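Chemist: Chains as they are written, first to last, in our numbering: chain A, 1 to 330; chain Y, 1 to 330.
These are computed hints drawn from the structure, not numbers from a lab.
Please note that the accuracy of each hint is not assured.
No distinction is drawn between identical chains; accordingly, a pair holds when it is met within one copy or between any pair of copies.
List time: in silico PhoX-like cross-link candidates among lysine-lysine, alpha-carbon distance up to 20 Å [said to hold, decoys possible]:
no.	residue 1	residue 2
1	K228	K319
2	K319	K213
3	K285	K16
4	K128	K172
5	K285	K27
6	K228	K67
7	K27	K16
8	K285	K66
9	K27	K292
Treat the numbers as computed from the prediction; the structure is a model and nothing was measured.
There are 2 protein chains.
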Amino acid sequence: MHILFCSVGRRCELLKDFRKTLGRDAKIVVTDNSEVAPAMAFANRAYQVPLITDPGYIPMILDICKKEEIHAVTTLIDPEIALLAEHREEFEALGVVVLAPYTETAKLCFNKYEMYQFLIRHGIHTIKTYGTYEEFLTAYEKGEILLPVFVKPRMGSGSVGARKIETLALLKQVTDADESLMIQELMTGEDLDADVYVDTVSHKPVAIFSKRKLSTTIGGANKTISFKDERLFDFVKEVLGTMEFNGPLDMDFFYQDGKYYLSEINPRFGGAYLHAYGAGVDFIKLIQENVKGNTNPEQIGDYEEDVVMMMYDSVVIRKKKEIEAAIVSL
Amino acid sequence: MHILFCSVGRRCELLKDFRKTLGRDAKIVVTDNSEVAPAMAFANRAYQVPLITDPGYIPMILDICKKEEIHAVTTLIDPEIALLAEHREEFEALGVVVLAPYTETAKLCFNKYEMYQFLIRHGIHTIKTYGTYEEFLTAYEKGEILLPVFVKPRMGSGSVGARKIETLALLKQVTDADESLMIQELMTGEDLDADVYVDTVSHKPVAIFSKRKLSTTIGGANKTISFKDERLFDFVKEVLGTMEFNGPLDMDFFYQDGKYYLSEINPRFGGAYLHAYGAGVDFIKLIQENVKGNTNPEQIGDYEEDVVMMMYDSVVIRKKKEIEAAIVSL
Chain A
1 MHILFCSVGR
11 RCELLKDFRK
21 TLGRDAKIVV
31 TDNSEVAPAM
41 AFANRAYQVP
51 LITDPGYIPM
61 ILDICKKEEI
71 HAVTTLIDPE
81 IALLAEHREE
91 FEALGVVVLA
101 PYTETAKLCF
111 NKYEMYQFLI
121 RHGIHTIKTY
131 GTYEEFLTAY
141 EKGEILLPVF
151 VKPRMGSGSV
161 GARKIETLAL
171 LKQVTDADES
181 LMIQELMTGE
191 DLDADVYVDT
201 VSHKPVAIFS
211 KRKLSTTIGG
221 ANKTISFKDE
231 RLFDFVKEVL
241 GTMEFNGPLD
251 MDFFYQDGKY
261 YLSEINPRFG
271 GAYLHAYGAG
281 VDFIKLIQEN
291 VKGNTNPEQI
301 GDYEEDVVMM
311 MYDSVVIRKK
321 KEIEAAIVSL
Chain Y
1 MHILFCSVGR
11 RCELLKDFRK
21 TLGRDAKIVV
31 TDNSEVAPAM
41 AFANRAYQVP
51 LITDPGYIPM
61 ILDICKKEEI
71 HAVTTLIDPE
81 IALLAEHREE
91 FEALGVVVLA
101 PYTETAKLCF
111 NKYEMYQFLI
121 RHGIHTIKTY
131 GTYEEFLTAY
141 EKGEILLPVF
151 VKPRMGSGSV
161 GARKIETLAL
171 LKQVTDADES
181 LMIQELMTGE
191 DLDADVYVDT
201 VSHKPVAIFS
211 KRKLSTTIGG
221 ANKTISFKDE
231 RLFDFVKEVL
241 GTMEFNGPLD
251 MDFFYQDGKY
261 YLSEINPRFG
271 GAYLHAYGAG
281 VDFIKLIQEN
291 VKGNTNPEQI
301 GDYEEDVVMM
311 MYDSVVIRKK
321 KEIEAAIVSL
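Work the whole structure out from these sequences, hints included.
Modeler: What follows is the structure in structure tokens.
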């Protein structure tokens, strides 16, 4: 299999997992805007590309697909997901499977407030969310929501800009200052997440791996432990049935008062997919079958509980000259 | 060599480097308060220990040294450095080299305001620092310091609690609310750092590796590039001549208006020592010689420029049962 990872950045371990499953014959091609993207060191070929907002960007990615005879393409950064989705037909015309959701779903995942409205329309348990201070105030005065609340940007990924707000006055001040913020109920339950693979042929979720944060007595490091719950698996299927995903994705949840609440969906390989892989949930084999045109049988929950993942910092060290020499030109 | 790493946490790559230099015959023993410390997976023996504030802590570490016939001990967390220093004689009575500075130096490094006063007394270029709002205000009114400034806790490590403050009113508010904060000149120059090894026999710095942050067009990831400057090496020697270090340490600097300014010293293996090791600056061999009672010849600047380090996330994955079974009991 020849696979292209766009905006590969620091995802070295993901590439190592691909190499482990696919073997030496696989061709791993990567791109990044920066030449100092550590994951380039684990690829067969690395291209330095313009920013994804550059008009020449997609034509260049398509050219790389042609030149490298790519079978599947995906991206590791959120703002690029909808871009790949929008150009799906051009990739498919070259025989390339696009491991990204269909356009509408891609856009929903990137705008958390629109996602909230969508989920509510479809009766899916999610976190109470308000698009403006006024909307929040109306609900607050009716007693539907309490302070403190959580504010976060409606676009964007991760926890950048997210914070807890204690008072109405401060809430007004921060939302006035930054219109991109939305207001959410402060969840106090356990946070969990699931890595899911949606088969690109059958369009059904065929693998789910769920894990929760491990409480630790010291340090705030990223440590998770696998668990299984049929109710969570059913909830995942209910959510995914309302949208059009394609390939790997990562879903965040809260578990509170005996119920699961969907928090957000990142429709790409999650940073902690490494845990699923290490516990034997191999999305890479599923991609391999899909690329051949085969559907994958359902293997949901096919892993052990109490498998622990502990993250740490690793490094790539290379001479500047070697880094420059390793970049391929089109 | 038998080496003990206290509070080993996530320092997996450091342990891998030790294994690489020392070979299979070396015994790497580690402790941590948490049983889910990923670096335990790279040790020969791992002990779960009480918090460093527990009265039984040091006796237990000494017992481990006896049982494991340890030759050298060090810690990977800042609050433990002075503790090891204070008990140096008990370790030395067991034939254990303590890779930590002598007590007074250890305390200075942990209290950044006392360090500032010490550096000023010794005529060493450092960043203007004020212990209280009143002290700052006096200097501000004389025009000796401008806003914005930087506040950070006088104790503690890393950048936790550090932030830029724009106005006098806010500065008064935050320093009133948190007396642990000190006020520093906002440095706009380049930040650099150096990994240094102070020979434990000759008490001289014998190896220095310096690197600067690499400017990147995208992402805030940790990327550094090696450089050499005799003026920086001379400055390092000047600083170290005023204190009593012993073993590995990490120094942070700013370079502004053609001058180096010392920012802080962490007298332990820095998180980015991996860069030095990858560029061939092997402190582990130096420790090995010191443990044998030999001095090391000076090898300052013995590395190439333009060697790049790029950090990424890696993981340890193990079953909970295996983690529990791997913990050794005293």
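Chemist: So, for every hint listed, does it hold in this structure?
Modeler: Now the hints, each set against the structure:
Only between protomers do K228 and K319 lie at most 20 Å apart by alpha-carbon distance; the minimum there is 15 Å, versus 45 Å within a single protomer. For a Cα distance limit of 20 Å, the shortest separation of K319 from K213 across copies, 15 Å, qualifies, whereas the shortest one inside one copy, 37 Å, does not. For the identical chains of this complex, K285 and K16 are intra-copy neighbours only, at 14 Å inside a copy versus 30 Å across copies, given an alpha-carbon limit of 20 Å. In this assembly of identical chains, the alpha carbons of K128 and K172 lie at most 20 Å apart only when taken from the same copy (18 Å versus 37 Å across copies).
In this assembly of identical chains, K285 and K27 lie within 20 Å of each other by CA distance solely inside one copy; the values are 15 Å within and 39 Å between copies. Taking identical chains as interchangeable, the C-alpha atoms of K228 and K67 are never at most 20 Å apart, the minima being 43 Å within one chain and 41 Å between chains. Within a single copy, K27 and K16 get their C-alpha atoms as close as 12 Å, which meets the 20 Å cut-off; across copies the closest is 29 Å, which misses it. Taking the closest pair of Cα atoms, K285 and K66 never come within 20 Å of each other, the shortest separation being 23 Å inside a single copy and 50 Å across copies.
In the homo-oligomer, the alpha carbons of K27 and K292 lie at most 20 Å apart inside one protomer (15 Å), although the nearest pairing across protomers, at 49 Å, exceeds that limit.
Checked against the numbered hints given earlier, the structure breaks hints 6, 8 and satisfies all the rest.
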